[in-house]
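Undergrad: Here is how the chains run, residue by residue.
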Amino acid sequence: MRGPAAMVLLTALWAPAAAFGQSDTGRFRVSINGGGQVSGNTVSQSFSVQKNLEAAPITADMSAKRAPIFDAGIVVRIGGPLAVGFAVSYLTHDSTANVTADIPHPFFFNRPRSISGGTPVSRTEGAGHIEAVYELSSGGRLDVLLSGGPSIFNVRQRLVTDVTYSDAFPFDTAAFGAAVTADATKTVAGFNVGGDVTWRFSRTIGIGGLIRYARAHPTVSVANNSEVKIDVGGLQVGAGLRLLF
Amino acid sequence: MRGVRLSVLAAIYALAVGGRAPAAHAQVRSTAVAATSAGELRTWDASVDRMVRDDQLRQRRVTADTLIAGRTHERFDQYYNGVRVYGGDVARQLDNGLTVSVFGTVYSGIDIDVTPSLSPDDVKEIVEERSGVTLGAEKIPELVVLPDDSGGYRLTFRAKAFTEEEGWEYFVDAKSGAIVREQIAVERQSGVSALGRGLGVLGDDKKVSVTSQSAVFLASDMLRPPAIRTFDMKGNLQHVLDVLNGGATLTLSDVATSTSTTWSDPVVVDAHADAGFVYDFYFKRFGRHGLDDNNIALLMLVHPVRRQDVFTASNSEINLFYLNAFYAGDGVMVFGEGLPPPLVTLPGPQSWNFLAGALDVLGHELTHGVTEFTSNLIERGESGALNEAFSDMMGTAAEFFYQPIGDGLLKADYLIGEDVVTPGGIRSLANPGMFGDPDHYSKRFIGAADNGGVHTNSTIASHAYYLAIEGGTNRTSGLSVQGVGVANREQIEKTFYRAFTQLMPSNATFSVARTVTIQAARDLYGAGSAVERAVTQAWTAVGVN
Chain A
1 MRGPAAMVLL TALWAPAAAF GQSDTGRFRV SINGGGQVSG NTVSQSFSVQ KNLEAAPITA
61 DMSAKRAPIF DAGIVVRIGG PLAVGFAVSY LTHDSTANVT ADIPHPFFFN RPRSISGGTP
121 VSRTEGAGHI EAVYELSSGG RLDVLLSGGP SIFNVRQRLV TDVTYSDAFP FDTAAFGAAV
181 TADATKTVAG FNVGGDVTWR FSRTIGIGGL IRYARAHPTV SVANNSEVKI DVGGLQVGAG
241 LRLLF
Chain B
246 MRGVRLSVLA AIYALAVGGR APAAHAQVRS TAVAATSAGE LRTWDASVDR MVRDDQLRQR
306 RVTADTLIAG RTHERFDQYY NGVRVYGGDV ARQLDNGLTV SVFGTVYSGI DIDVTPSLSP
366 DDVKEIVEER SGVTLGAEKI PELVVLPDDS GGYRLTFRAK AFTEEEGWEY FVDAKSGAIV
426 REQIAVERQS GVSALGRGLG VLGDDKKVSV TSQSAVFLAS DMLRPPAIRT FDMKGNLQHV
486 LDVLNGGATL TLSDVATSTS TTWSDPVVVD AHADAGFVYD FYFKRFGRHG LDDNNIALLM
546 LVHPVRRQDV FTASNSEINL FYLNAFYAGD GVMVFGEGLP PPLVTLPGPQ SWNFLAGALD
606 VLGHELTHGV TEFTSNLIER GESGALNEAF SDMMGTAAEF FYQPIGDGLL KADYLIGEDV
666 VTPGGIRSLA NPGMFGDPDH YSKRFIGAAD NGGVHTNSTI ASHAYYLAIE GGTNRTSGLS
726 VQGVGVANRE QIEKTFYRAF TQLMPSNATF SVARTVTIQA ARDLYGAGSA VERAVTQAWT
786 AVGVN
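These protein sequence lines are chains A and B, in that order.
Here the working numbering is used: the first residue of the first sequence is 1, the next is one more, and so on.
Here the working numbering is used: the first residue of the second sequence is 246, the next is one more, and so on.
Bound conformation, chain B alone (with noise of 0.2 Å):
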């Protein structure tokens, strides 16, 4: 099945290109800010209260280090005359009012107009026309200037659509009207297919936290901090539709329901205690107060198309709302149905099940929610490949912190969606060629499918995030790790949950993701700590330097 999805997506992204629009108005010049010395700290600390000054720079958040007391982060967009530069941003870690690293990325040589000739509704009828779904109200288009694939800077309104096939981010010259990037902007859990007190999709016992009302348990946890929902959308795949784009709020009447305490349906029962354990897994191991950090709602949608129906389906609806789950922003989640028996995918052949019955898979995506609200990286490139990389890694990380080591079912193990998509499931972390994708960056996807292969890519990333755990030997580099082992996972947790979310600008590259995995393993464990060193060996052995 990932061989029919990565076909789709290449069709899509020829459609995409194919609707590019005229030439940038000035040539694009980045700098990625990676500061950690004393004389670069002075310069870029500098130069940030500056840009700050000069209204060039503007908070988006202070968050208060969780980790090392007396350390807050500050998050910084960058601003051309009052438009948010897509994609421009600076992290700056503060140690009790002292700056201690600085990473990010600023645009310069922005030369362009920044009136735009179009407004917001036109940009909407514009992206209406395109994705053929009606955007609601609320969904107004952002002005943005883009630094363009083409080499220069466009003044463009940035919007989202969803539709059965897929979930797009549409960037519309706000000048012509003519669309000059159109990308996939469900960050999911790439082929896999969907998830679901009771008995859970592969029938353990668990306790699901709900509401009782009327003599009816509603799907909606009042125990932890956050509000955490589950909808039961019966199959309605136009509502999952209008809700994601808008035109149609979650009401009390999508709550998935139980009539006893004893929940009947499995996918409900997992995706709406799988959410709360990942909840609980960011709070205790960082001390993080779910995706914004500030408990926004947990919104988890399950039954998106009706499992009978996919004789019917398109091979997109099968490929976004069977086989896959993903994140559709501010807190909501939505879990595909999997394949009725004996229906398999090939290569494999592989079984899948609903997609809310996998842990790592939940942590996948609402880890996406977490990069969301920090380091927002981009969904494309390499800076996707990381997104998609923390997502297992966190993924993972929660698997371990709830369940038994060891090999099949139920057992937290390298494997991404292995509980559902069987056997074997979509990724290995520690050993990426399983399945196909590169554990050495010299093997890298560099194609446009994919977003440019953020999938694929991620595993480059996350096994070096498995070899600083477990240690061993790259395949390709053949170079070893002396990993901090698996009694000290934490550690090596807690300093990428540091990198990606505190430090971890939103376009970063593989590069300026070993640096500030490397400065988070030196603020958390100090310098020349083995955690620094498992670190820094595990980069440069998938050959990032």
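Looking at chain A on its own, in the form it has when it is part of the complex (with noise of 0.2 Å):
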């Protein structure tokens, strides 16, 4: 619980055109907004390390469906009801990777053991939208702003390089001991688009609500992996305070 009430606590604005009306608003307008991302985002990992001189195969599954985001952003209006706007997300987000290996027996060829465990990982993202902005003016204290544009993210990513085990004679079972991680990043190009809601309760502040859906699909590797495909960004939904000036 604590989260979402820090959420709405962070909650970000964005700049509300007209206070009263698009023509009584500034030409800045301030986001900042706490929330959410949701998505279906999932890391499948499988690869092989070499062990007792034979490939071990190893395979580890994570998923990010849900993560805290933290959003602030700019728009400038350059004319009518268009404006240009740059807004920046972040989250990070932690949890447990499922790790499967089949080490091979040290003493015969094709005999693995199959071990199992969980693992810490993490995720962070850290992403700059550049939104062209159309303003549907409500007339009222109601403002509705439409965007959409290119991203730019940059993925911080652990990943599962390796994994432990413990075993005795006669070696014919082995246990799980913990997984290798190491960190992946990447920055890669993506897209979005969203739309922005804001009340005003004076010229210069309101409170309004953000949704956005960016999406980037980078390729990231870590030492002993193959190349891992993952999905970054999703359904961005947050709420927070307006600022117009």
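Just to be clear, a hint being listed does not mean it is correct.
What the hints assert, rightly or not - DSSO-like mimics (lysine-lysine), calculated; alpha carbons at most 27 Å apart, straight line: (1) B:Lys529 / A:Lys51; (2) A:Lys51 / A:Lys229; (3) A:Lys51 / B:Lys451.
Stated by the list, open to error - Facing chain A, according to a computed beta carbon distance under 8 Å, are these residues of chain B, among others: (4) Asp299; (5) Arg442; (6) Asp450; (7) Lys452; (8) Ser454; (9) Arg469; (10) Gly521; (11) Phe528; (12) Lys529; (13) Leu769; (14) Gly771.
Derived from the structure by calculation, the hints contain no laboratory data.
All values derive from a computational prediction rather than experimental measurement.
Note that CB positions come from ideal geometry on N, CA and C, so glycine has one too.
Using the hints, put the two chains back together into the complex; each one sits in its own frame.
TA: Structure, rendered in structure tokens:
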């Protein structure tokens, strides 16, 4: 519960256009939002390392279905209902990767011993969203903005690179010890589309809600791994403060 | 080659007999103990306790039963006035302190002076002169009372010496210095030639557990509980003999090495890997920790000679170091080189690959080590045949433990040495007659050669083992056996293992072997069990009652 509360408190703004109609608002609109990213992002790793003279296949599966997100942006009106904006979003997500491996027997070929366990993994996504904005004037206290454009994502994904295990004579079984992990980083271009709704209390301040879909598909890799294609971004929903000047 | 070998052995025996010493001093009276009924047990339990109090029996070893919880096995050596009586021993099985069985051989009527006229050093000189080898300082002859073949008891020193031709066990009269018995000491894979990551002798890809040291890999297993080391003797037979006779020790420079993880010598690969497999088999199947159940080191000696030297080697050298593998005692195994193609032996013809290339051969030899530390079956006559039979049984059991059942190379079957002596191997547990070996007690070899036909007659017992598993009809007696079936082979393996390691006395006969294996079947699977029935029928079918 602490997360959502914090999100509300951190709610970011967007720059509402007219406080009481489009012509009444300033040129700049700043938004600060807190919210969450909903996505079906999963990372599935499948690779092998050499152990006991044979390939030891390792799989690791992790998912990042929800994550709290912080978002801030500015929109500059350039004429009429058109504006340009730039927003940044940031999220970090911790989860557990389910790791399985087949560890080759030290004395025999083709007699693997299966082990499995979990390991904490994390992902951080920082994104910059360049937006072309179209303002739908409500003529009242309510502003509605539509936006879209390119995004630049920088993702840091923790991946499994190896496993440790324990065994003892006669070595017919093995026990999962830990997963060895490393961070993979990647900067990649994507896109965003979204909308913003602002309710103005006065000419300069209001509250609003944000909905954005931003997406990119980078390929990341770390030592021992073949490349892993991952999804970044997702459906971002937030609410927060709007400052207009 | 078998014929050649036997003739050589016969000649050596003639020599040995020619060197016999004067008559013995008292009449040998031995009592074979096989107590399993309540009355017998009371009597023999009390007798054993009394003999222990009187220092006529000394406890050699107490081992926990790895197959039945709560059971322990005591082994006693018989002593006369402080001197061990060779072949006199008793094995007592206890269930939480209550005696379950007593087996053994106890000698009575011993009345000899046990003060030797000769010193151990005097005896070493006699043995050195006889064998032509120099014995090391650690090779101290043991004073024993020997129940002599001529019917009396002698105070003798017992010593072993290894020559290029053979490993010999000498019994030297402690008064006169006469050699009263000279018998082959090596418990060997009769007629089987030598064996050898990398690819094994048959091209099978294997892992070997080794040690990395200063950018060199040593054939020294660090993963298993015992030290398992494979030594490349580089064809230096004299060095081999010095090692076996205590005149030299194995050093790091003798250990087989490789500069990469891929080992190029298939003989080293097989000897080293298979030794580990056999250790593992004993551990997994029987809970046994190596030859002595205390993880004694396994020392594998390969390339005792060079293959190319076969053309100048003597027949006896060829028999021992080319066409053979043997257990030399104290955890040391020696594997012969086989013959360079296209040389073959007759009848056959049979080709001889490196003897280390056959898992059953390794299992056979290492089992001699197990026997050394358990029943210590004397390598002579029926006890010797049982010793060889048990090695064949366990060698075969190891094959079935690791290899798929079938015919051909690297398949589990009831042939011995078939992977390296091709075609066919050297013995068959399923059909001993294929090699002229007896499948029935009535056909046993009764000559003196081969320590009394220990290899030949082994098939009487090992065929019983086969019948107890597979069932079938004995070709000689026509009697049928209802075996436990292939799926239950483990029951028979455990029965015979138990009998041969826990219950069997060192001087056992086939008849005693029958009794102790039936007892072992009862211990493990209950009286009237299918296992007991199979074992009983099997011994009856091979004419052992």
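Undergrad: Next, verify each hint and record whether it holds.
TA: Structure-based check of each hint:
no. : hint               : verdict
1   : B:Lys529 / A:Lys51 : holds (24 Å)
2   : A:Lys51 / A:Lys229 : holds (25 Å)
3   : A:Lys51 / B:Lys451 : holds (15 Å)
4   : Asp299             : violated (43 Å)
5   : Arg442             : holds (7 Å)
6   : Asp450             : holds (6 Å)
7   : Lys452             : holds (6 Å)
8   : Ser454             : holds (7 Å)
9   : Arg469             : holds (6 Å)
10  : Gly521             : holds (6 Å)
11  : Phe528             : holds (6 Å)
12  : Lys529             : holds (6 Å)
13  : Leu769             : violated (22 Å)
14  : Gly771             : violated (29 Å)
Violated hints, in rising order: 4, 13 and 14; the structure is consistent with all others.
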